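With the hints as extra help, turn the sequences into a complete structure.
Everything in the sequence shown is counted per my numbering, starting at -11 for the first residue and increasing by one.
Hints are computed from structural coordinates only; laboratory data are not their basis.
Quantities reported herein were computed from a predicted structural model and do not represent experimental measurements.
One or more of the hints may lead you astray.
Said to hold, decoys possible - Below, computed lysine to any residue pairings styled on SDA-like, alpha-carbon distance capped at 20 angstroms: (1) Lys6 to Leu65; (2) Lys320 to Asn(-10); (3) Lys94 to Arg50; (4) Lys78 to Arg158; (5) Lys29 to Phe63; (6) Lys242 to Thr116; (7) Lys349 to Phe63; (8) Lys373 to Gln383; (9) Lys126 to Thr116.
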Amino acid sequence: MNDQDQIDFYRNLHLYYKHLFPIQMIVDWLSYAKDNQPELKYFSRREFSFERSIDGETFYQRYQQFQNAHGLQKFLLDNKQNDQASTLIKYDIGAVFDKLPKKGEKLKAMEKEIVIDIDMDAYDEVRTCCQGAKICEKCWKFLQVACDILRPALFQDFGLEHILAVYSGRRGIHLWVCDSHIRKSTNEVRSAIIGYLNINIGNADAEEIIREVKQEKIEKLHPSIQRAYFIAQQFFKQIILIDQNSLKIENVKKKILTILKQTKILNPKLEKSIQEINDSSQIWDLICSQDSERLEIAKLQIILMCLYPRLDAHVSTTINHLLKGPFSIHPKTQRVCVPFNLKNSSQFNPLDTPTLPNIIKQLAQLPEELKQRENENKIFPFLGKEIPSLSPYIQLFEDFISKYNKPKIN
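Shown next as structure tokens:
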């Protein structure tokens, strides 16, 4: 990014947080009005952290708290820090503390959403189209499968109701689990939940591909593993064999051979053939042709090794972990971190999400009188719903908040 691009980026960020960032909705969401009385000052005990830039140098502001949307917006738009011009880069959301969070004070984190974080680079060993932070429509299918596997685990196995799925703006997804009892969970409970969801595959040592799979019969496995297998099975051919040709990768072959050895399927001829073949479909056909009562359990391990969700566990297991909030702008891609429909994740394409330059162009086309606030005590008018590329995601967020705060009918 050259100097002019940097100037444009900072200017656009300021306009975004002034007119397009759904600040009142963020406050409404994190207030959880259904659960909390105003006098408890629940929202004001929430920690916010901010990344700012002064002359290209980045610094962080932790333990910031606000009474309302006006106070938060005023801080977001404050472009002076110690009499120096500064620009907000992103904001993070932290825990709700036992008192107003201030640096230097002894604080106890009382509540925080459990956030399940999955980054695409965790799949680098099985994807061939991209590596690192790069993504495309082909490899994004890994995260669509992850959503399909996690969704029943969260909604059915744990009985959860309120999960806000958010695109990270670059290479991953964040699933904010917002149910009241979950927000109050201790670190031990959080670790137990993530331990249940995470079956230790993918980056595990070759000698321990899937620790939980000890049985020879699929029907004897835990129902959650059976379900994950049946879901992943539907996508294995297209993603692993066709799109990625993953089985040709040397480290993947090594793990496959380990699985076949553990299940007593491997023989010298089969091993030699797998080593020599570089077409995943041929390798898979060869494996499936083996005559063994343990073949199905071996196939399960291979399929889950390739497609089971690869969670960044440390993000989820600590109550006071800070995480980038929804509708941030990712500084590398300039994409908006928008929510998406977890129940229809296959329809979400991260490459179609709104970008900062694009939505600022749309903002410039709106009448100037819409952008003026009535007085200094009110926040600037929120115009996100007037932006065609942004409004569907705003509506999705608004619907999520409304559903959470809707009284239950017994």
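Cross-check of the supplied hints:
no., hint, result
1, Lys6 to Leu65, "holds (7 angstroms)"
2, Lys320 to Asn(-10), "holds (13 angstroms)"
3, Lys94 to Arg50, "holds (14 angstroms)"
4, Lys78 to Arg158, "holds (14 angstroms)"
5, Lys29 to Phe63, "holds (19 angstroms)"
6, Lys242 to Thr116, "holds (17 angstroms)"
7, Lys349 to Phe63, "violated (24 angstroms)"
8, Lys373 to Gln383, "holds (8 angstroms)"
9, Lys126 to Thr116, "holds (10 angstroms)"
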